[in-house]
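Here's the letter readout for the chains.
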Amino acid sequence: MKRFGVGFVFVIALSFIVASLSAPPGATAAAKTVKPAAAAAAKTVTIGFTASKTGKFNVEATRQINGLHLWMEQVNGAGGIKLADGTVIKVADKFYDDESKKERVQELYTKLINTDKADFLISPYSSGLTDASAVIAQQYNRIMITAGAASDSTYKKGYTLVYQSYTPASRYLTGAVDILLKLAPKAKKIAIIHENDKFATDVVKALKIYAEKKGLNVALFEGYDSGTADFAPFINKIPADVDAIMGGGHFADTTTLARQLYEKKINTKMIALLVAPPEPKFAELGDACISVVGSSQWEPLAHFTKESAAKEGITWFGPTGEEFINAYKAKYKEDPSYHSAGGYVAGMILQDAIMKAGSTDTAKVKAALDAMNIMTFYGQLKFATGPKDHGLQLGHDMVYIQWQKDKQGKAMKQVVWPLAGATASAFVCPAR
Amino acid sequence: MLDQLISSLTDGLLLGFVYGVAAMGLTLIWGVMSVINLAHGPVIAMGMFGTYLLFTHLGVNPYLAMVPVAGAGLIAGLVIYVIAVHRVINAPHLSSLLATFAVNMIIIGVGTAVFSTSPQNINYSLGSVEVGFLTFPASRLVGAFGAILVTACLYLFLYFTRAGKAIRAVANNRMAAELMGIPSSRVLALSFGLGTMMAAVAGGLIATFFPFTVLSGGPYELKSFVICVLGGLGHPLGALVGGLMLGGLEGLIPTFMPVSWVPVVEFGLFVLVLLVRPSGLFGAK
Chain A
1 MKRFGVGFVF
11 VIALSFIVAS
21 LSAPPGATAA
31 AKTVKPAAAA
41 AAKTVTIGFT
51 ASKTGKFNVE
61 ATRQINGLHL
71 WMEQVNGAGG
81 IKLADGTVIK
91 VADKFYDDES
101 KKERVQELYT
111 KLINTDKADF
121 LISPYSSGLT
131 DASAVIAQQY
141 NRIMITAGAA
151 SDSTYKKGYT
161 LVYQSYTPAS
171 RYLTGAVDIL
181 LKLAPKAKKI
191 AIIHENDKFA
201 TDVVKALKIY
211 AEKKGLNVAL
221 FEGYDSGTAD
231 FAPFINKIPA
241 DVDAIMGGGH
251 FADTTTLARQ
261 LYEKKINTKM
271 IALLVAPPEP
281 KFAELGDACI
291 SVVGSSQWEP
301 LAHFTKESAA
311 KEGITWFGPT
321 GEEFINAYKA
331 KYKEDPSYHS
341 AGGYVAGMIL
351 QDAIMKAGST
361 DTAKVKAALD
371 AMNIMTFYGQ
381 LKFATGPKDH
391 GLQLGHDMVY
401 IQWQKDKQGK
411 AMKQVVWPLA
421 GATASAFVCP
431 AR
Chain B
433 MLDQLISSLT
443 DGLLLGFVYG
453 VAAMGLTLIW
463 GVMSVINLAH
473 GPVIAMGMFG
483 TYLLFTHLGV
493 NPYLAMVPVA
503 GAGLIAGLVI
513 YVIAVHRVIN
523 APHLSSLLAT
533 FAVNMIIIGV
543 GTAVFSTSPQ
553 NINYSLGSVE
563 VGFLTFPASR
573 LVGAFGAILV
583 TACLYLFLYF
593 TRAGKAIRAV
603 ANNRMAAELM
613 GIPSSRVLAL
623 SFGLGTMMAA
633 VAGGLIATFF
643 PFTVLSGGPY
653 ELKSFVICVL
663 GGLGHPLGAL
673 VGGLMLGGLE
683 GLIPTFMPVS
693 WVPVVEFGLF
703 VLVLLVRPSG
713 LFGAK
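Heads up: the protein sequence lines correspond to chains A and B, in order. Numbering of the first sequence is given in our numbering, commencing with residue 1 and proceeding in unit increments. Numbering of the second sequence is given in our numbering, commencing with residue 433 and proceeding in unit increments.
Every clue listed holds true.
Listed next, the stretches of chain B that the computed footprint assigns to chain A, with coverage defined by at least 3 CB atoms under 8 Å from CB atoms of chain A:
#, segment
1, 561-575
2, 688-698
A few chain A residues facing chain B, derived, Cβ under 7 Å:
#, residue
3, Gly55
4, Lys56
5, Ala252
Note that these hints are calculated values from the structure, not bench results. All C-beta atoms, glycine included, are put in the ideal place defined by N, C-alpha and C.
Given the sequences, and given the hints that come with them, work out the whole structure.
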């Protein structure tokens, strides 16, 4: 029996030797080339980020992460990112809850890089949290695509690996002044009430300069602490003859401000607020949301197409707006907001850069990002590459929405600015 | 300017009534057992969430929800007293301070785990009230009426019931009260329960006009300290007057200076009263 076993092993070994000797040289070479390709097919890059699953940024951050996860699912579902040399890159995520707290962000991003070996980073939601995380990305030589981080100042600190997907804060609410002057050319006075945080402060500083340049008098310019719930002291300070109230901060506080403006029956020609109005959840305010104008990074009604890209001589990349909306609705059973689109587009930016770089090497992907100029369903994307504002978004522009009533009396968003893309005309706030 | 002043003052005073109820809970506990209850803020937040849960999940009118919230606040107070306070009631103040601080941390920890720190809101509007040029949310007016009702009930309880009289007796002289046959431990537990009940009701009232998180009780706890010092620690009626004074100040200050100066003036006043009249305007019993 033992002798039979030895014989069997010998025969098997001999057959392997004969097979390898008799195989043509090309076959061995092919086997050798297939091996690395097979290894490359299994290559997965880890995308690290923190998500404000709890805390005051919960609403916006959840949408952003939903968008990013949808992108990841679609990329992996399509077989991964295919590079020119045949390598296929799959994406995996690693994320933690930052509790909407700045002090958690730096610790978590360091962990994402050192412990979880994240290859690329997506920013947390909000300018404040992103500003805290961007320094870590730069320090550890990781590319970070920012979403939900509009504040200009982050991109003016000399970072070379941080790229912004949003229109900068300095251009966030200036269009509201144009809408006001279109609606009420004789408007003279506005009041600005804003959250005392990095993003809102950057927005209203630029807004104030722009409004004054347009001949408007800023009669009230006052900030409130993050987390403020009682806006009565601010609302009582608004002069009675003010033509517009502008400002706000993030979803939670801005929604409360809009509600309390309504409850105090403040009459003005226009109310333009940050962040909250474009969120579908803003409609839960009922009548208090009607006529409120909001600036939005993207709206489902916005119409960027392959044809419009071709007309401007810019390369189109990614799905159409309709495809994105349908996929998002199918996955999350809700309408996407601009925060959702921002999360999705952050992934798309990375995807395009990796494809153009033909590699996941940081230096090569950075070069591709520096050269990027694409049109997507979200709009144009192009980054500043100068030393003073590297990574600042140059291509993308805001759209403005206003909550109006449809024929059934139901609140719905309409794009009112820029006029070229408007789906309805803006109207002056009705008397309250 | 005058319109703004009156409007701002009205908003502040209406809010001041509710501040008063929150402070009354704190001052009652201090007055009876000389315990500074650092779990006061989280109990206010639990009052907010109790009202929110009853309204959102069971459809209970938020004002009717105050009744079960008050009951739950009373029971929570009894439990906190028995577990964390009773054994250190005769120890130095630092022990009871640390015990209630531990309860504070436990409630916040559990609350964060269950509800997260995301803002919540009771989506229930009573519309607005217009009186001449004044416009204010009706919920603030109802909140103020609620606060007056609670204060009146507490007053009647303390002065016209046997248990209330026992509480006052223990607050005056615990040993003498015990010698008269009053079961001081039970009375102390009841007092603590009443104090937390007031906090929970104040939280429920606040939740009807402001959004809130698990951490929202903190600022109201701080205000309660200022109010107690203003009105006199251990004096429930002083707490209501102190609440009105603080609310009035919060209304007045923004008329003349940026709103961010409100806490500076508030806490400046806190220090000033401690220096000039440590027993507060109504004096401690």
